[in-house]
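S.K.: Chain by chain, the residues:
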Amino acid sequence: NAGVTQTPKFQVLKTGQSMTLQCAQDMNHEYMSWYRQDPGMGLRLIHYSVGAGITDQGEVPNGYNVSRSTTEDFPLRLLSAAPSQTSVYFCASSYSPPPQGRGTNEKLFFGSGTQLSVL
Amino acid sequence: AQKVTQAQTEISVVEKEDVTLDCVYETRDTTYYLFWYKQPPSGELVFLIRRNSFDEQNEISGRYSWNFQKSTSSFNFTITASQVVDSAVYFCALINNDMRFGAGTRLTVKP
Chain A
1 NAGVTQTPKF QVLKTGQSMT LQCAQDMNHE YMSWYRQDPG MGLRLIHYSV
51 GAGITDQGEV PNGYNVSRST TEDFPLRLLS AAPSQTSVYF CASSYSPPPQ
101 GRGTNEKLFF GSGTQLSVL
Chain B
1 AQKVTQAQTE ISVVEKEDVT LDCVYETRDT TYYLFWYKQP PSGELVFLIR
51 RNSFDEQNEI SGRYSWNFQK STSSFNFTIT ASQVVDSAVY FCALINNDMR
101 FGAGTRLTVK P
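Just so you know, the sequences run in chain order A and B. Note that this note's numbering has the first sequence beginning at 1, numbered continuously upward. Note that this note's numbering has the second sequence beginning at 1, numbered continuously upward.
Just so you know, these hints were derived from the structure itself, not from any lab. Since the model is a prediction, treat every value here as computed from it, not as a measurement. It cannot be assumed that every hint is accurate.
Okay, the calculated bits of chain A under chain B, using three or more residues with CB under 8 Å as the criterion [what the hints assert, rightly or not]:
no.	segment
1	41-54
2	110-118
Result set (BS3-like, lysine-lysine): computed pairs, CA atoms no more than 25 Å apart in a straight line [stated by the list, open to error]:
no.	chain 1	residue 1	chain 2	residue 2
3	B	Lys110	B	Lys16
4	B	Lys3	B	Lys38
5	B	Lys110	B	Lys38
6	A	Lys9	B	Lys38
7	B	Lys38	B	Lys70
8	A	Lys107	A	Lys14
9	B	Lys38	A	Lys107
10	B	Lys110	B	Lys3
11	A	Lys107	B	Lys70
12	B	Lys3	A	Lys107
13	B	Lys38	B	Lys16
Built from N, CA and C at the ideal position, the CB exists for glycine as well.
Next up, chain A with everything else stripped away, as it sits in the complex:
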């Protein structure tokens, strides 16, 4: 059972480089989301999607882009990496989207995380 697969596990970038964090789920979940985890701040929602073709901003969207061309995949793009984007990134999915707003009331299934360092 794959669940939510996130790649890569570790990445080091130089300031200004671009990269894409991959996220795929095989559970046919409608809701997918990206978070960053910083010390003392818990998880903060970057972007989310309630279905293929639909994305929206979370709490901290600046510097990140997303797309949802299929139900399974939800990549996160850093167009021009900055040291402030050094963090641990998590992708998560759940069965159904919320009736309104950003947060799903279903339990989240998380990927294993990506530790990103921007020098």
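We have chain A already, so just place chain B on it with the hints.
M.R.: What follows is chain B alone, placed relative to chain A:
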């Protein structure tokens, strides 16, 4: 504005002790959901419990129990007879139209 406060940054106990992790939340909504997630040293986040705002029944699952009190806007988590495998960071989260996680409490259980 929504907010989740986990005032205990780190807790250290000895195995078999009981420990309570506090979670206090702020919201103006009457309908919301509260969650607890566990992040063990391996890094992944694991769902523990979900509670909606209309269900104030406390819940027990093995050594874990949760005390939801709307009057004090708290959703505390107690581990009874703690074990070394309980060592992890625990996050409380509030979900309604938005999603807010607490900063987490790092629990260390020593043998």
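S.K.: Are the hints correct? Go through all of them and say.
M.R.: These are the hints, each one checked on the structure:
no., hint, in the structure
1, 41-54, "holds (count 5)"
2, 110-118, "holds (count 4)"
3, B:Lys110 x B:Lys16, "9 Å, holds"
4, B:Lys3 x B:Lys38, "19 Å, holds"
5, B:Lys110 x B:Lys38, "18 Å, holds"
6, A:Lys9 x B:Lys38, "19 Å, holds"
7, B:Lys38 x B:Lys70, "23 Å, holds"
8, A:Lys107 x A:Lys14, "35 Å, violated"
9, B:Lys38 x A:Lys107, "13 Å, holds"
10, B:Lys110 x B:Lys3, "31 Å, violated"
11, A:Lys107 x B:Lys70, "21 Å, holds"
12, B:Lys3 x A:Lys107, "19 Å, holds"
13, B:Lys38 x B:Lys16, "19 Å, holds"
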